[in-house]
Amino acid sequence: MHDKILLSHGEGGKRTRDLIAKVIARYFDNPVLSPFFDAGLLGRIEGEIAFTTDGYVVTPPFFPGGDIGRLAVCGTVNDLAVCGAAAVAISCGLILEEGLPMATLERALAAMRDAAREAGVTVACGDTKVVERGKGDGIFITTAGVGVSVDGWRPAPSEIRPGDRILLTGTMGDHQVAVLIARRNLAIEAPVLSDVAPLSGLLLPLLPRFPGKVRFMRDPTRGGVGVTLNEMASAANARFMLEEARLPVRESVRGVCEILGFDPLYLANEGKAVLIVAGDAAEAIAAALREHPYGREAAIIGEVQEGGSGVRMRTLAGGVRAVDYPVGDQLPRIC
Amino acid sequence: MRLKYIDDFRDPAAARALVARIRRDAGDAPVRLMEVCGTHTVAIARCGIRPLLSGAVTMLSGPGCPVCVTPDGYIDAAIALGRRRGALLATFGDMLRVPGRFSSLEKEKGTGLEVRVVYSPLDAVRLAAALPDREIVFLGVGFETTAPAIGGAIKTAAVRGVGNFSVLSSVRTIPEAMGVLAADPEVRIEGFLCPAHVSVVIGTDAYRPVAQRYGIPCVVAGFEPLDILMGISMLLRQKKEGVSRVENEYSRVATAAGNRKAQDMIRDVFVPCDTGWRGIGVIPGSGLRIADRYAPFDAERKFGAPVVFAPEGSACRCGDVLKGKILPVDCPLFGKACVPEEPYGPCMVSSEGSCAAYYKYGAA
Numbered sequence: 002m003h004d005k006i007l008l009s010h011g012e013g014g015k016r017t018r019d020l021i022a023k024v025i026a027r028y029f030d031n032p033v034l035s036p037f038f039d040a041g042l043l044g045r046i047e048g049e050i051a052f053t054t055d056g057y058v059v060t061p062p063f064f065p066g067g068d069i070g071r072l073a074v075c076g077t078v079n080d081l082a083v084c085g086a087a088a089v090a091i092s093c094g095l096i097l098e099e100g101l102p103m104a105t106l107e108r109a110l111a112a113m114r115d116a117a118r119e120a121g122v123t124v125a126c127g128d129t130k131v132v133e134r135g136k137g138d139g140i141f142i143t144t145a146g147v148g149v150s151v152d153g154w155r156p157a158p159s160e161i162r163p164g165d166r167i168l169l170t171g172t173m174g175d176h177q178v179a180v181l182i183a184r185r186n187l188a189i190e191a192p193v194l195s196d197v198a199p200l201s202g203l204l205l206p207l208l209p210r211f212p213g214k215v216r217f218m219r220d221p222t223r224g225g226v227g228v229t230l231n232e233m234a235s236a237a238n239a240r241f242m243l244e245e246a247r248l249p250v251r252e253s254v255r256g257v258c259e260i261l262g263f264d265p266l267y268l269a270n271e272g273k274a275v276l277i278v279a280g281d282a283a284e285a286i287a288a289a290l291r292e293h294p295y296g297r298e299a300a301i302i303g304e305v306q307e308g309g310s311g312v313r314m315r316t317l318a319g320g321v322r323a324v325d326y327p328v329g330d331q332l333p334r335i336c
Numbered sequence: 498m499r500l501k502y503i504d505d506f507r508d509p510a511a512a513r514a515l516v517a518r519i520r521r522d523a524g525d526a527p528v529r530l531m532e533v534c535g536t537h538t539v540a541i542a543r544c545g546i547r548p549l550l551s552g553a554v555t556m557l558s559g560p561g562c563p564v565c566v567t568p569d570g571y572i573d574a575a576i577a578l579g580r581r582r583g584a585l586l587a588t589f590g591d592m593l594r595v596p597g598r599f600s601s602l603e604k605e606k607g608t609g610l611e612v613r614v615v616y617s618p619l620d621a622v623r624l625a626a627a628l629p630d631r632e633i634v635f636l637g638v639g640f641e642t643t644a645p646a647i648g649g650a651i652k653t654a655a656v657r658g659v660g661n662f663s664v665l666s667s668v669r670t671i672p673e674a675m676g677v678l679a680a681d682p683e684v685r686i687e688g689f690l691c692p693a694h695v696s697v698v699i700g701t702d703a704y705r706p707v708a709q710r711y712g713i714p715c716v717v718a719g720f721e722p723l724d725i726l727m728g729i730s731m732l733l734r735q736k737k738e739g740v741s742r743v744e745n746e747y748s749r750v751a752t753a754a755g756n757r758k759a760q761d762m763i764r765d766v767f768v769p770c771d772t773g774w775r776g777i778g779v780i781p782g783s784g785l786r787i788a789d790r791y792a793p794f795d796a797e798r799k800f801g802a803p804v805v806f807a808p809e810g811s812a813c814r815c816g817d818v819l820k821g822k823i824l825p826v827d828c829p830l831f832g833k834a835c836v837p838e839e840p841y842g843p844c845m846v847s848s849e850g851s852c853a854a855y856y857k858y859g860a861a
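Protein sequences, first through last, are from chains A and B. Reminder that position 165 of the first sequence reads as 166 in the working numbering, one-by-one numbering, no gaps. Reminder that position 221 of the second sequence reads as 718 in the working numbering, one-by-one numbering, no gaps.
Hints were generated in silico from the structure; no laboratory data involved. Note that the Cβ used here is the ideal one computed from N, Cα and C, for glycine as well.
Derived DSS-like pairs: lysine-lysine, alpha-carbon spacing no greater than 27 Å straight-line:
#1 B:833 to B:606
#2 B:606 to A:136
#3 B:799 to B:652
#4 B:822 to B:737
#5 A:136 to B:604
#6 B:822 to B:833
Anything over 10 Å on all C-beta distances counts as not near chain A; from chain B, calculated:
#7 750
#8 793
#9 827
Pulled out of the complex, with its shape left as it was, chain A reads as follows (with noise of 0.2 Å):
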């Protein structure tokens, strides 16, 4: 086997060959997709089916806490799992650029099959494609998943009512800071660690464990709390009243975002989801989601209000202020 990617490990021939069966084989041995069909079987499944992809090109492919392979797995499980789904099957599409070395290929394929592996997921399907030197970065990987409803629940923003609670499962910006403090050009170090995980064993037993309490639930990925919480209240037509005190920021997090003038309310996050839950129910499923690794720095962070929509948030210093969408990225502050 070659040391670095090929165009030709790209063409269909022998080296596409011996690329799937050496290589891509070796991490994603299932029954679904070894015979190597041109689509995995996946057979009959019971229930209603979500169905969602995501494409990932994250810069660098590896940081602090994750990587790309952990990424693709976890961000379309999550997908699946703010919607009530369990992730049944997912499909792997590669799309690599030539020269890129072997081990790099291997080490993201073997984050994919652990991140699987820990979501209950089989990779089902894949396609690899391998573009000109200078034409892409890296690796990029691409994703589908197929999930099955628990419960035949259903996210249902109509049912939001005044006095709901918004619930999220941790600290915010982990990702997005780790990522950015990989990328090495912010001559900053701190101690962050990407929170990329697999949120369906933390959200889905919430729901037949509180039946008809859970309304609606998002993951905060790009754009963060603030972007989502907005998406939210507008699928919801609801007023959303946050309390800036009860916002959980990972020190080291709050420290990188104080120098370069972040808001961590827009930063990425990979293993957190926002839920809106009826208000009798809020504090049950907070302590429901403590109990889970991925869920232990969960809080209560606002409510639904009377009146109006959008989202508002009561500062430390007693004012109430607009959340509103940010406009282009966040840049550090000039003076």
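Starting from the structure of chain A, add chain B where the hints point.
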């Protein structure tokens, strides 16, 4: 990293007590105070301080956002420089969307202008060293806080012989602008909340001429919520006592004399000059141009491309906002023709602009 120190300056109970004291000390008509610095403007909006003080204090937002006061002629000059063969513009990200007379860097970038966002002026020097066949022009926009870093970059380029690096300077000094506003009878400022970081460099004594000549109380304050409330309270106490002096709430960092090293750097690389401020006009002695001995690093002289200042002639009222004559919401374009995605004036562009802060944190 320990942040307990920061939490002490965000304590809700202490904030409530200060708000009560400010309300007690304020008179019947709201007291007109100006926060000079854009970082204060954003902090006040983010903490929701304005509504907490409504009726007691009117906070006017001043000209202390470097992006907002950069005249459109500067953007025009930058675009023209960037269009030269081999040129590559290096800039802080905030400048990308600032409108010039005809276009912005962001729009020109879409049609082939090469613009690289950097986080520090030294990054631009490194870029120049790495790309010896390109001309790197750094857009040196800022106040006394940024000036030492820009000066340091120029000196580094000089020492290392990086000849393909230059700076289009638009560096300004704050006390001169405050003097102009203090003298303007239309603005009627009753107290200045002076910037934290700028004061760390120039020292709190720099505001004494403003306090003495115009009889306006000055308080240097930090950027945390309690710093700001405490600063406002100190301004009201001065007014109540009928005095006008410079006081320092930010004494944990700022001193009377300031940072001598940074001042030496500024004096070494720059000399004061008259410069145009968007919306305000030319303020004598309020700019810093690159000193003659560093002329090879002055993009205006190197390429014979001077920045031309001309007053703006649109419906945009950024000028009146920057002078504190109107609040952002009083501009007819605010939130309608002028929004952060499609800004008309610079106050809506910069993350530290007062219009952007009002728009982002005030609506809903």
